[in-house]
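S.K.: Sequence:
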Amino acid sequence: MRKKAENYLPLTHSTFYILLVLGEPLHGYGIMQRVEEMSNGEVKLGPGTLYGVLSKLEKEGLIVKIDGQENEQERRKSYILTDLGKVVVTLEYKRLQSLVEKCESFINNLGILSEKP
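The numbering of the sequence shown is this note's numbering, which starts it at 5 and goes up by one.
Don't take each hint at face value.
As the list claims (entries may be wrong) - Dumping the calculated BS3-like pairs for lysine-lysine here, alpha-carbon to alpha-carbon at most 30 Å:
no. : residue 1 : residue 2
1   : K8        : K81
2   : K60       : K81
3   : K106      : K69
4   : K60       : K48
5   : K63       : K8
6   : K98       : K60
7   : K7        : K106
8   : K7        : K81
9   : K98       : K7
10  : K106      : K63
11  : K7        : K69
If you're looking for bench data, these hints aren't it; they were derived computationally from the structure.
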């Protein structure tokens, strides 16, 4: 029996980015590149970390492994979100958005956002 999508939350920073980039099929190295690019270099995944997370996400049914052929000599395994994965990443986005909205007025009252570094 699968867990409800809400039970996967909150996601780690890395897991959130991995799920975000898997809206399209990507192989491991492509995932590492896209996550680093999307996070403006804040999240850099090594192969060990990435494949550990991918294995866990696949077992949980959030992603699925597909065959992808780069060329005739080389076959790479690619990954893509499942329907459950899409729901989970959407819920996490909404959770983070709500967190920002709730904190915004508090931070504005402190005058933090209006200060220049």
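S.K.: Are there hints from earlier that the structure breaks, and if so, what are their numbers?
M.R.: 3 and 10
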